[in-house]
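Undergrad: For the sequence shown, the residue numbers in this note's numbering are 2 to 359.
These aren't lab readings, by the way, just hints derived from the structure by calculation.
Among the clues, some could well be false.
Derived EDC-like pairs (lysine to aspartate or glutamate); straight-line CA-CA distance at most 16 angstroms [claimed, not checked]:
| # | residue 1 | residue 2 |
| --- | --- | --- |
| 1 | Lys211 | Glu196 |
| 2 | Lys318 | Glu284 |
| 3 | Lys261 | Glu86 |
| 4 | Lys38 | Glu86 |
| 5 | Lys38 | Glu70 |
| 6 | Lys324 | Glu196 |
| 7 | Lys58 | Glu70 |
| 8 | Lys58 | Glu43 |
| 9 | Lys58 | Glu86 |
| 10 | Lys211 | Glu173 |
| 11 | Lys337 | Asp323 |
| 12 | Lys318 | Glu335 |
| 13 | Lys211 | Glu343 |
| 14 | Lys324 | Asp293 |
| 15 | Lys38 | Asp91 |
| 16 | Lys318 | Glu294 |
| 17 | Lys304 | Glu209 |
| 18 | Lys324 | Glu294 |
| 19 | Lys261 | Glu196 |
| 20 | Lys304 | Glu316 |
| 21 | Lys304 | Glu343 |
Per label pair, the in silico range of CB-to-CB distance [to be verified]:
| # | residue 1 | residue 2 | range |
| --- | --- | --- | --- |
| 22 | Glu43 | Arg285 | 57 to 63 angstroms |
| 23 | Gln267 | Ala55 | 34 to 40 angstroms |
| 24 | Tyr340 | Glu222 | 17 to 23 angstroms |
| 25 | Pro168 | Met95 | 28 to 34 angstroms |
| 26 | Arg32 | Arg77 | 16 to 22 angstroms |
All C-beta atoms, glycine included, are put in the ideal place defined by N, C-alpha and C.
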Amino acid sequence: MIKSKPDSHGCRTHLKRVDWPRMETRYQLIRSLADGKFHSGEALARSLGLSRAAIWKQIKGLREQWGMEIHAVSGRGYRLVYPLELLQQDKILMLLPSATRGTLSGLEIHDSIDSTNEYLMLQAAADLPSGQACLAELQTAGRGRRGREWHSPYGSNIYLSLLWRFPLAPIELSGLSLAAGLAVVRALNYLGVTEVGLKWPNDILWQERKLAGLLLEVTGESEGPSQVVLGVGLNTLLSDQQGSGIDQPWVDLTSIPGGKQVGRNQLAAALIHQLVNTLESFERHGLSPLLDEWQQQDLYHNKTVVLRMGNRTIEGKHVGIDKNGALLLLHAGEVKAYYAGEVSLCLNRGDEHANPIG
2 MIKSKPDSHG
12 CRTHLKRVDW
22 PRMETRYQLI
32 RSLADGKFHS
42 GEALARSLGL
52 SRAAIWKQIK
62 GLREQWGMEI
72 HAVSGRGYRL
82 VYPLELLQQD
92 KILMLLPSAT
102 RGTLSGLEIH
112 DSIDSTNEYL
122 MLQAAADLPS
132 GQACLAELQT
142 AGRGRRGREW
152 HSPYGSNIYL
162 SLLWRFPLAP
172 IELSGLSLAA
182 GLAVVRALNY
192 LGVTEVGLKW
202 PNDILWQERK
212 LAGLLLEVTG
222 ESEGPSQVVL
232 GVGLNTLLSD
242 QQGSGIDQPW
252 VDLTSIPGGK
262 QVGRNQLAAA
272 LIHQLVNTLE
282 SFERHGLSPL
292 LDEWQQQDLY
302 HNKTVVLRMG
312 NRTIEGKHVG
322 IDKNGALLLL
332 HAGEVKAYYA
342 GEVSLCLNRG
352 DEHANPIG
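Can you build the whole structure from these sequences, using the hints too?
TA: Shown next as structure tokens:
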């Protein structure tokens, strides 16, 4: 475990970046190209201590393996089609309110990691304190709900996880994922991104396309305490090539009105702030105080939906959620609560607002 010390912001910070020797040259090359300007092969080779042929090989790898769009122009060199704003620890901390900085036990940024959630789960087992945040430029094994792959190109999206310890039993945290989804919407609204909303249990959509998702992993004793690793994946910039493997309609932040001007460091800070506030509030009050606000952001409220649970499907009217985060469906004249499943709008019954959701 890496030792840390309080910084000028009052937060215990970790400056660790994953430094695999065979990958470090690639990271350095990306940082050189991040400004979106042309850089000659000769200048890149000189700054990185490589041959021009080695630079070309690295560029080829970035294109083919990581799907990065890089222009090469004779006499001018190489440039990224889209500049990248790489994550900076000091900048994120500076953007956080002092109370939030004081609550965090640490903030790590990794160049590359298998999964920010998996990393914090392992660290939690070694008694990492509550309030640890982990961000990555690239995930090699990012996961979504139900074990789905989360596509994770380098420097283009937000891959964020938070470790939080609760005195509560795991069963008392059943509504936490819904509260966390609301925190993501609040962060986006604060940054001027509107028209986003929630799909039960914890997807964030814009015009029926997925912008962000959450993954919560909970462990603990039956009577408490519990630990939660809360992961957020949010698309900020995805090319068609990078998004080609996604099996549902998707959107990135730069395609949404008000989203293009939001920087990744600014977004990371807003997400951390809102999530920390929500985790602290949930420990004291649970989901109940958020039910009305969640309903206002619920894109499927009062619509006919289909709930899929394995091979079983149920069609009904979505009439809300309960204090435990369960989906309430009106079916055959009776309202029942469901705690798991995949929801999509029903295309039958003449629902004029229905659109397919992956």
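Undergrad: Check each numbered hint against the structure and report the violated ones by number, ascending.
TA: Hint check: 2, 6, 9, 10, 15, 16 fail, others pass.
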